[in-house]
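Protein chains in written order, with my numbering: chain A, 1 to 373; chain B, 1001 to 1280.
Quick caveat, the hints were computed from the structure, so don't treat them as lab data.
Given the structure is predicted, the values throughout are model-derived calculations rather than measurements.
Incorrect hints may appear among the rest.
Derived PhoX-like pairs: lysine-lysine, alpha-carbon spacing no greater than 25 Å straight-line [what the hints assert, rightly or not]:
(1) Lys-1224(B) to Lys-1077(B)
(2) Lys-25(A) to Lys-1100(B)
(3) Lys-235(A) to Lys-1103(B)
(4) Lys-1077(B) to Lys-235(A)
(5) Lys-1077(B) to Lys-1103(B)
(6) Lys-1100(B) to Lys-147(A)
Per label pair, the in silico range of CB-to-CB distance [what the hints assert, rightly or not]:
(7) Met-1236(B) to Gly-157(A): 37 to 43 Å
(8) Phe-1142(B) to Leu-41(A): 27 to 33 Å
(9) Leu-1144(B) to Ser-49(A): 22 to 28 Å
(10) Gln-1150(B) to Val-130(A): 28 to 34 Å
(11) Asp-1170(B) to Val-130(A): 22 to 28 Å
C-beta atoms are modelled at their ideal positions from N, C-alpha and C, and glycine is treated no differently.
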Amino acid sequence: MNMERNGLNNKSTFLAVSEFIAKNKIGFLLIIVLYSALFILEKMMPPSSMLFVVLKKGAIYALVAVSMNLLNGFTGLFSLGQAGFMLIGSYTYAIFTIPVEDRAAVYQYFDGGIIRFTVPVFIALIMAGVAAGIFAFFIGLPVLRLKSDYLAIATLGFAEIIRAIFQWNKLGPITNGSNLLKKFPSFSSVLFPFTVAGISIALIVLLINSSYGRAFKAIRDDEIAAEAMGINLAKHKLLSFVISSFFAGVGGALLAMYQTTVQASAFKAAMTYEILLIVVIGGVGSITGSVISSFLFIACSEWWLRFLDSETYIGSFKVPLLASGFRKVVFSVVIMVIVLFYNQGIMGTREFSSEGIARFFSRIASRNRKEGA
Amino acid sequence: MAENILHLERLTMQFGGVTAVNDLTMDVYKDEIVALIGPNGAGKTTVFNCITGVYEPTNGSVSFCGKTIVSNRPQGKMKKLYTGEYRGEDLKIISPTPDKITKLGIARTFQNIRLFKTMTVFENVLVAKHMRARQNFLSATFRLNFKEEQRMREESLALLEEQGLLQYKDEIASNLPYGLQRRLEISRALATEPKLLMLDEPAAGMNPQETQELADFIVQIKDKYNLTVLMIEHHMDLVMKISERIYVLDFGKLIAHGTPEEVQKNQRVIDAYLGVAEDA
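Work out the full structure: start from the sequences and follow the hints.
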C-alpha cells in the first residue's frame, strides 16, 4: 500500500517536471542553442578576443545584478551592500582554494597563513555564498528595520566596513592583509561562468515565481497590507537579503576566478554603483532586463567604446576629442540618454519570455500568411 | 449568550499627550455584525490598528476567542504622559506583529484601499494563502511544494469565482474599477481564512446603489464563511440596516452602545453628530 503511494507520488512528480519542460520548450531550446553557440565560438575564435572578456565578465555581472534585483526590484529593499558581499564571497573562495604548496608564497608576510587545507572549487563556490549569506544574516537583523534611503546608507556603510576589516593587518594570517590573494584555481572557458551564473539565475527565477516570490512582491507593493495578509515582514525581508547576498557571494567568487587575483581595495562602493546602474538600465524588477543590460554595459565599457580612448588619425587628420578618458564621457552621455528615454529601464518590469518569443513569431507568421493570401 | 469573539478591556491609545482612544471596553459576539461609528477623528481606525497589532496600545488589553492577544501598560516615557485613571499594573506586555494576529484569524481591510498594485487579481488572493501553506523557501524554490501550491491556486480560484471576480483574474489589481477593488480587498481578507472580519469603511466613495449591494454582500459572506463582522462605517443607512449592535465613539470615548434603534434615539449621539445647540 505504502509503496504504491510512493510510486504514485514519484509518478506525479515526474509528470509535473515533464509538464514544466513541455511548457517551456522554447526556453529550454534557446538555452541549449546558446550554450552550444558558446562552445562552437570558443573553438573557432582566438581566446584573446575581446568577445570572451565581455562574455565572461558580463555573465558574472549578470548574476550579481540579478541578485541585487531580487532585493531592490522584487522585495523593494533599497540596499547598496552588494560589493561588500561580493568581497566576502571572493575572499572565501580564494582563501580556501589556494593550493597548500603555494600558500607560503602567497602569504609571504604571514608565515603561509593559518589555513593549511584546500577544498574543491565547486564546494568553495558554495562556501563563498554561504559566508556572504551568514554575514548578511547578522547585518540584516539590525539594518532591515530601516527603510529606503536609510537602509541604503546603512548597507553602504557596512560594505565599506567589511572592506576595511579585510585589509586589517591583524587578520593577515587569514586574509593576507592588504596584499593580493593569488594562485587559486580559475577558469579559462567561457562556459564555466555561464554555467554557474546560469544555474544561479535559474534558482533565483524559480524562487521569484514561487509562493515566496509573491510574498516578496507583496512586501514591495505595500508593506502594511502584506503584513495584514499574514506575511512576516522581518522574516521575509531577512530571507530575501540573505539569498541575495548568497548569490552576490557566488558572483564575487566568480569574479575572483576571472581576475585570477583578489584584493579587498578593488571592492569599492563604485562597484555597487556599477551594478545598481546595470539594474536600473535593465529595469528594476526585470530579471531578463538585468541580464541583457549587464552584457550591454560590460560590452560598452570594455569593448565597443575603447576606440574613443586612443588617438586616431584618418589620413593625416587627427580626429578631435579622442584621448584617454573620453570613453567615460561618451559612456556617461549614453547612460543619461538611456535613463531619459527609457525611464523604466530597457525592460521596465516586463520579462523576455519564451512565450513572448513564440507569440512574436506566430504574429509574424500570421501576417505573412495574410499578405500571401 | 453567544460565544465572545472579541473583547477589548479598557483600551487606551495615547500619541504623546493626545488621547486617540480613551478607556474603551467593548465586546463582539459570534455571528454578529457590529458597527463602530463616530464623527471624523473619533479614533475608530485607531481601535482597528490596536486590535490588529499595527499600533501598540498605551494601556489595556484585547482578547480574541477568550485568549489575550494584545495587552500593554504605560511604560517608559508614557508613564509620565499617560493621563488615564486605570493603569493595568498587572497586565502582561503582549505586542505581536500584525501577521501573528492575522494568523490567529482576524482579517481586515483598509480605509484607503491597499491592494498589491502591480500584481494581478489572482496573485493578490494567492498571497493571502502564503501564510497557511506548509512549505519553506527551499521546497518552494525546487517546486517540492507543488501539491500545496496547487491547493492554494485551486482555493484562490474557487474564492474568486464565489466573489464573481473570476473573469478579472489576470487583470492588474489597480486597473479594476473602484467597486471591484473594494470587493477584491474583502476577498483577499477572506483568503486568510478568518473568524473575525474587520472592515474599515467598506462603503467609502460608493453611491447609494453600490452601498445597497455592499450591504447584501456583507450579510451574504458572513453567512457563507461563518464570520463575525466588525466594521467602521459612515453610511448610516448601511449601518442601521445590517448591524445588530453599534458602538459610538466621540473624541476617543465610548458615548453609547446598543441596538440601532437605541443608538438612534440616544441624545449624546445626536449631540455628537449634530453639535449641541448653543441656546438649549
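Now the hints, each set against the structure:
Among the hinted pairs, Lys-1224(B) with Lys-1077(B) is inconsistent with the structure: their alpha-carbon atoms are about 47 Å apart, more than 25 Å. For the given pair, Lys-25(A) sits about 42 Å from Lys-1100(B) by alpha-carbon distance, which is inconsistent with the 25 Å threshold. For the given pair, Lys-235(A) sits about 15 Å from Lys-1103(B) by alpha-carbon distance, which is consistent with the 25 Å threshold. Taking the CA atoms of Lys-1077(B) and Lys-235(A), the gap is about 30 Å. The hint is violated against a cut of 25 Å.
Of the supplied pair hints, the one linking Lys-1077(B) and Lys-1103(B) is violated, its CA atoms being roughly 31 Å apart against a limit of 25 Å. For the proposed pair Lys-1100(B) and Lys-147(A), the alpha carbon gap of about 22 Å is at most 25 Å, so the pair holds. Remark: the range hint 37 to 43 Å for Met-1236(B) to Gly-157(A) is contradicted by a beta-carbon distance near 55 Å. Taken as a hint, the range 27 to 33 Å holds for the pair Phe-1142(B) and Leu-41(A), whose Cβ atoms sit roughly 32 Å apart.
Distance hint check for Leu-1144(B) and Ser-49(A): the Cβ-Cβ separation is about 43 Å, which falls outside the suggested range of 22 to 28 Å. Between Gln-1150(B) and Val-130(A) the C-beta distance comes to about 32 Å, which sits within the given range of 28 to 34 Å. The hinted range of 22 to 28 Å is not satisfied by Asp-1170(B) and Val-130(A), whose Cβ atoms lie roughly 39 Å apart.
This entry does not satisfy hints 1, 2, 4, 5, 7, 9, 11, going by the numbered hints stated previously.
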